[in-house]
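A.B. asks: So the chains spell out like this:
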Amino acid sequence: MDSLVTALVRSYAAVVAARFRMLLQYRAAALAGIATQIFWGCIKLMVFGAFYAVAVTTPPMTFTAIVAYVWLGQVLIGLLPWNHDPELQELFMSGGVAYELLRPLDLYWFWFARTLAYRTAPTLLRMVPGICFATLVLPLIGLPEWALPAPASVTHGLLFSASFLATVLLSCAITILITISMFWMIEGRGIATFMYGVVPVFSGMIVPLPLFPDWMQPFLQWQPFRGLCDVPFRIYSGDIPLAMASQEIALQFAWAVILILFGYGLIARARTRLVVQGG
Amino acid sequence: MPQILVDGLSKTFRVAERKSGLLGAFGGLIHRQYRTVDALSDVTFSIDEGELVGYIGPNGAGKSTTIKILSGILVPSNGRCEVDGRAPWKQRRKHVASIGVVFGQRTQLWWDLPVIESFDLLRDIYRVPRSAYERRRDELIEMLDLNDLLDTPVRQLSLGQRVRCDIAAALLHEPKILFLDEPTIGLDAVSQLNVRAFIKQLSREQNVTVLLTTHDLDDIEALCDRILVLNDGRLLMDGSIEELRKRYGDGRYVAVELESFTDVSPAHENVVVERSDSHILFSVESDVPTFIDEVLQRYPVKDLLITHPPIERVVATMYQTERIQH
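These protein sequences, in sequence, are chains A and B.
Note that numbering that gives the first Met the number 0 numbers the first sequence so that position 78 is 77, with each residue one more than the last.
Note that numbering that gives the first Met the number 0 numbers the second sequence so that position 99 is 98, with each residue one more than the last.
In short, the hints are calculated from the structure, not lab data.
All values derive from a computational prediction rather than experimental measurement.
Using N, Cα and C, we set each Cβ at its ideal position, and we do this for glycine too.
Do not rely on the hints blindly, as some may be mistaken.
Ranges between beta-carbon positions, derived for each pair [stated by the list, open to error]:
#, chain 1, residue 1, chain 2, residue 2, range
1, A, Arg268, B, Thr320, 35 to 45 Å
2, B, Gln32, A, Thr271, 15 to 25 Å
3, A, Phe211, B, Arg79, 33 to 43 Å
4, B, Gly59, A, Thr271, 17 to 27 Å
5, B, Thr320, A, Gly196, 51 to 61 Å
6, B, Ser239, A, Phe193, 54 to 64 Å
7, A, Phe193, B, Lys89, 31 to 41 Å
Just chain A, same shape as in the assembly (with noise of 0.2 Å):
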């Protein structure tokens, strides 16, 4: 029993890793990727500044939480669930959803596998010189304070790692339900321009959600998309407090068994009336 867990580990992992080995190969698209994100990254920080150095009232962010915030999400932002896996949709449009479905895995955790390669793989591609630029370059050119600090301590630091395995899961989930929907629509594109327009606000990628109204703030404070960006962003920076992060984690795996239940049980509902394209 124990040899077929293993076997059965091994045969989801060797999907991941022979897509991850293959998205690896795409270094030119991840550089002109980081020079984007970089030159967004000093923009956002620019303008964030300015607001700070007018600002009347006490922000409810520091600056420094504020630095953290962006170029974390800078570097992190092909985890953003905001489009889905191009070869599947791929695999929609041809009909060759056939063969994945002639494989002895489960269906779910199969495509699973495929797009945390597809969200992971050009993320750490971006994320090295990412990372180095926001903590080494920005110092060297004389911009220390826009430089993205440590984590607050050893205990954030700790706690941002669960935070970010919680985050991969979730945006795992949330491009599954992209990729599903094309069991209805064929097409993705649909959803994933809705998506588009919702993820990265939602998430905080745009703002910080703290900078929101107060009255968008219970709304926002529950939501899913929040545990994308806002939860370990803020985890790391400190801002928000130790005694809150284990509860604010515990949310951000609440919505991942939440979402992952539910494309689970829409795969199984969208089998039985699966139409494959192409005769």
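Given chain A, put chain B in place with the hints provided.
C.D. replies: For chain B alone, coordinates are given in the frame of chain A:
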């Protein structure tokens, strides 16, 4: 108990319809109209272990739908379907681990990976023990002559090479049942012969059950002892090629080469299939010896050849007759 049992199998698809034009497009947003399409109606057959069965029919007849139900991809609307005593779509994961499937028009290999890495990945996905995998892989590489292709990314392979790799990929986990959906489509003559030879060898030496759909009737003649003919979702025939000929083309073709150009006699005009300067091709339904006598007397014959009508023609006749009956 046959290995594959299909009893009263039906599959209905619901297709959304849209009236043409802009108005139709808007109408579709408000009220969608659906049309049901019977891809399969009441199909019944069974296949025993080790059989090599050809599955033919015109485009849209329901061949691929059958294969997809048998492989657990599609769920049938009605009827019974069991492979090795299992309903494929109910125990999909267990089922697909014991069958191999090739769709000739699509690849199951990873486009950007070298062939050998796709094979290794399939080993992990199917959880084949390493030693068994290596033995099987080397055997398939040998049989399908893949040695020079292994390090090439799939996207750089020619169609014939790709299909050979795809067939190997479908067999790495040593399935006892193989479904081939148009495996020879688009292949050149040499590749086609190679693929055929391999399928034959697999069936004979390893007793693998093969169900093969094709439009190429040469495939059928070269490979299959038994054919299933499907048209419009209905099974028209289940039998040997001889039976097919008996029912729909029991005559002979008589090809005559002439010494010099001669007009066809009016009595023979309605049995001429083809005519060129020095050749006439007749199709004779019955009493061939008498016909030959007549020909030898009537025409300056230089050479004469009697053959079966080509299977294409037999099948075309069958489709026509059956269509009229429906």
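A.B. asks: All the hints need checking, so say for each whether the structure fits it.
C.D. replies: Going through the hints against the structure:
A hinted range of 35 to 45 Å for the beta carbons of A:Arg268 and B:Thr320 is consistent with their spacing of about 43 Å. A beta carbon spacing of about 22 Å between B:Gln32 and A:Thr271 agrees with the range 15 to 25 Å that was offered as a hint. For A:Phe211 paired with B:Arg79, a C-beta distance near 59 Å fails the hint of 33 to 43 Å. Between B:Gly59 and A:Thr271, the C-beta spacing of about 23 Å keeps the proposed range 17 to 27 Å intact.
Take B:Thr320 and A:Gly196: their Cβ atoms lie about 59 Å apart, and the range 51 to 61 Å holds. Between B:Ser239 and A:Phe193 the beta carbons are some 57 Å apart, a value that agrees with the proposed interval 54 to 64 Å. Checked against the hint of 31 to 41 Å, the pair A:Phe193 and B:Lys89 passes, with Cβ atoms roughly 35 Å apart.
Checked against the numbered hints above, the structure breaks only hint 3 and satisfies the rest.
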